[in-house]
Amino acid sequence: MLRLFFETALMQLLRKNHFELMALPASFRIDLAALETAYRELQSTVHPDRFVNEPPAERRFAMQAATLANEAWRCLRDPVQRAVYLLRLKGIEVDETSRSGFEPGFLMQQMEWRETLESLPDAADPGRERDALTLEVRATRDDLLAQLERLIDVDGRHDLAAAPVRQLMFIERFLDQIDAQADESI
Amino acid sequence: MALLQISEPGMSPEPHQRRLAVGIDLGTTNSLVATVRSSVPEVIEDEQRHALLPSVVSYDASGVVAVGHEALARAVSDPINTVVSVKRFMGRGIDDARRQQTPYEFVDSPGMVRLRTLAGDKSPVEVSAEILGVLRDRAERSLGGELHGAVITVPAYFDDAQRQATKDAARLAGIEVLRLLNEPTAAAIAYGLDSGAEGDIVIFDLGGGTFDVSVLRLSRGVFEVIATGGDSALGGDDFDLRIVEWALKETGLAHTDAARPIEAAIASGALSAGDLRAMLIEARRAKEALSTYGLANFAVRLSGSSLVRLPLSAERFETMTRDLIQRTVQVLKRTLRDARLAASDAQAVVLVGGATRMPAIRRAVADLFGRAPLTDIDPDRVVAIGAAMQAHLLAGNRPDGDDWLLLDVIPLSLGLETMGGLVERIIPRNSTIPVARAQEFTTFRDGQTALAIHVVQGERDLVSDCRSLARFELRGIPPMSAGAARIRVSFQVDADGLLSVTASELSSGVVASIAVRPSYGLSDDEIAQMLQSSFAAAGEDRRLRALREQQVEAQRLIEATQAALTQDGQLVSEREHVEIEALLAKTAQAAVSDDADAIRHAIEALALGTESFAARRMDQAIGRALSGRRVDQLGH
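Line by line, the protein sequences are chains A and B. In terms of the working numbering, the first sequence opens at residue 558 and continues consecutively. In terms of the working numbering, the second sequence opens at residue 395 and continues consecutively.
Because the hints were derived from the structure by calculation, they are not lab data. Please read all numbers here as calculations on a predicted model, not as lab measurements. Idealized CB from N, CA, C, for every residue including glycine.
Now the stretches of chain B that chain A is said to cover, found in silico as 3 or more residues with beta-carbon under 8 Å:
#: 1; region: 826–839
#: 2; region: 883–894
#: 3; region: 999–1012
Start from the sequences and build out the full structure, keeping to the hints where you can.
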């Protein structure tokens, strides 16, 4: 029976969504400094290091609470993950693998970028061209992020936000690939 | 109680309750133990005023074990039975061990490689436990009492198997591990608390056998590790090996074209195991001389009584080790990228580990950051000092106002093997711990009733390139058509960086789980057996010690629970209060008996009986933390 009480208390904590846990309004644009402060305060309270000399039950609980805090922080500080989470709260699942909804223009752009990346190692000055490519991709990312902010925070059109989110997922992966290629060439 | 300490100032433990806690740097070359005494961290020296204990263990046929300086003195005369740099074998199999050029005779064994000595086959865990035991004795003598526990440092880049092996060694040495702490993080704590620095700092830690880079953000008492990188098989030892290889070729003891000159020289009989150890010791001395004087003489008398004598210039040394330096720079760059930190934005770069005394390392780091690294802290001691500070905190000795928190990360990604020998990453590297992540999988055959789960660690895409941590099976899946089962696999990494995995089929509720005792780890039986054999003589002492530990634990739990009831009594119903009081009385009764099992059972019952109370206190504490924030901090 006691076991059940314990589970109930934990469930109450788990029921808080990431925004509630960090005491932030559920919007796409967030105050990152406030997130950092909330995260640090929360961890200062629940981190397992605060419970090393406590009974096992409290230690376990601390680990679960700290895990939750880490998860919420990881999700909210990243704009793409934050958008995915906001859409999920509205019942919209973003399917990362689906290509539907990619505008032909974005598909073309995507192919061009890939070709540029593949030809980079043979370029006259790979480092410089890699930086140029990175800047171009990042500019597109910033446009998409601005678009998301408008759709979610201003227009409330979460339904239209899934497409730009998927494009951003592609861009993040592509930026990682650029980094990975740079690593190999060190 | 921790919650009291957080919410109410002035509740730090009374001096008589102070728990003896130490930090231990279990190094490849040297080990140290440090503690915080009257708020001042200090390294504990032995009776001869040595702070550094050489991490060397020597066995003889009579079963006498020498550790430290005494053992090091035997390294040349008895190289096979004198184990040097045992850390390089921790959590490693025979293939990994053989790849390193050492004189030892390895024995394959399930779990971890063993080393054949006159005193029998020794696991690296047992060898490390000898070193830890000497440090424990040193600390207990100096502090005048039994240790409450220790924080033991490990390279940040140690994988799960290596961490588990370190924990096992501590258990074997009778040390309660408060926490495994990453070495660069320990250095950052020592540096950060000492200097009061804020901002992003980079720790460059090149030890005897391992290399780590960590980027940390220091801000208002929180040490947050942003990224960690490294190479757990690169260290000062590799630079020594290069000198030996060079000397063998220069003297004609090995052919100038030999790919592995040491093995070639041993195979041809030109070099004995003792000669190799003598040359390695001389190489280290020459390397250190180069750092100070820029020029060294490499001189060794071999067992055939021929004398090897070669002048070695700094330029020559740097040429032969350039690729090693290059490897450290590469890791450094990648870690900065993981941290999304530009070299110019780092507040400070701190060098840790004896091998960072090499001028070429200092130059390479200075070149990358455009400024000289900080070298004013003793690179040999800073890790033990940081560990002692963390131990002080974890033991509950922290005074008011001296409050800080560490948020560390896992160094290597954790994943599962999927179809085709590919790795599906579940928790990416540099995730802040504790962390949990789950992913759903399905069956690929009709009527499949079991699923094999293979847990791996590493950054590569192929399972064969990663380290295997554990294998287990989820059985009893009800037969369904392929792709219909929904199997959720959950990973949980605790604050020590150790992993447990659970798999469950969601429609039927079938569950299988494993606390990852990696393929390289020791089973509880093995540990028990080792404990028994090593302490057979002192068996009665051990039993009494275990009993006393249980008694202390019971007393501690009783006091903690009573304090919690006084503070937060309103959180329990009258009936719960009565139940808890009954459990307290039972525990108190058991605590005065001499039956360790009975005490343990009472402790467990009390812990279980106060779980819900604990949960409510936690919830209340979280509520306080959140509602305590000012309104202007709630977003924009």
